[in-house]
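Student: As a plain string of letters, each chain reads:
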Amino acid sequence: MIFRAVEDADLIRKAARGDVEAYNLLISRWEKRVFNYLLRIVGNREDALDLSQDVFLKAYQNLRKLEDPERFVPWLFRIAHNEAYSLFRKRKPESEGETVPPDASHMGVSVGGSSVFPLELSLAVARALDRLSPDQREAVVLKIYQGFKFEEIAEILSCPISTVKSRLYTALDLLKGDLAPVKSRGA
Amino acid sequence: MSCSPQDLRDYFFNELLESDRRSVDIHLRSCQNCREEVERLRATEAALLAARDEEPPQRIAFISDKVFEPSALRRWWRDFWGSAARLGFASAAMLSAAIVFAALTRPAPLALPSPPRAELARIEAEFSARLQQAVKAAVSESEARQAARTDQVLAAAERRYRLEREAILLAASEDHELMRKRYGRMVLASMERRDEK
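Chains as they are written, first to last, in our numbering: chain P, 1 to 187; chain Z, 1001 to 1197.
One chain only, chain P, in its complex shape (with noise of 0.2 Å):
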């Protein structure tokens, strides 16, 4: 991991001094992350790969300015995330004031295809997870599926670390509540 993380910021050495394919290497390390992670936010894979695309393009332009090679992955996810919010306000009219707007059928849930969990569970996380506020939804992907520590995420949305807390927590307890039992019935 130490070896990756060494690796990765020799990429964006490279990169920062304009050689393109260290760039699409990078690239190629961390767009499967980074689609997921939009995936699950906006809740379209059209839009999802298109904002992953910018995400990139954007990150590739102001990778000068990234002061410490080792803060590339937050520095990436925090890109993410405004470039997903710029989407929600340009789609804001069409939605009635609806920030985030994703589609609960969409939200990364691999229904069927080659999964191995059942379908039931499946369409159970996608159910709960249409439950939470935009917020706390983001604040689940991050920690659980992306696994960021708590200062991460805090530095990728902006907000105090007890904010980021107290979103995951409130989801984690309706979450519970929706998933648990599932689990226990299917056991």
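Everything labelled a hint here was simulated from the structure, so no lab data went into it. All clues given are correct.
Computed Cβ-Cβ distance ranges for the label pairs, DEER-style:
#1 Leu1104(Z) x Glu70(P): 43 to 49 Å
#2 Leu1028(Z) x Gly177(P): 19 to 25 Å
#3 Ala1102(Z) x Arg29(P): 49 to 55 Å
Stretches of chain P that chain Z covers, calculated by requiring three or more beta carbons in the stretch to come under 8 Å of a beta carbon on chain Z:
#4 17-26
#5 29-41
#6 55-63
#7 119-125
#8 143-150
#9 172-179
Every residue gets a Cβ at the ideal spot worked out from N, C-alpha and C, and that includes glycine.
Given chain P, work out where chain Z should sit, using these hints.
Tutor: This is chain Z only, laid out in the frame that chain P set:
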């Protein structure tokens, strides 16, 4: 440790300090409710992770196009001006270079040929003689000035003394005249009194 949902969640997400984590571990051994709470959190997380990551529908990649890329010189120029630290360092370096350049290019003072030793001795002797003459002239001039001033002071003192003496004599003379007149009047008065008798 008492039952604290906040601590349990931080414990579950591995966000506690090692010492706090050990405290929660010890507490969990004796608290059934907290063990069940952690178990529910694990079940919730496992359910959420049932929705696994998808592969992006297509790969993202950029192509290097020299037409749109800035030249190496322009990249260097942009990087140079884009970094405050480097700009500061460059400014300091330019200032240092200017100081060194000014020091190296400043005209040196003219080197005068040194006179021969005999000439030097003659110059020293002449200088010494002139110096003595000048000192003597200055001393005599000073003495004359001092003498003239002393004379002036003495003359002024003598004049002041004479005037004071004249004033005293005049006053004494006036007093004598007054006494003489009084005496005359008294003599006349006594003679008149004697004649009346």
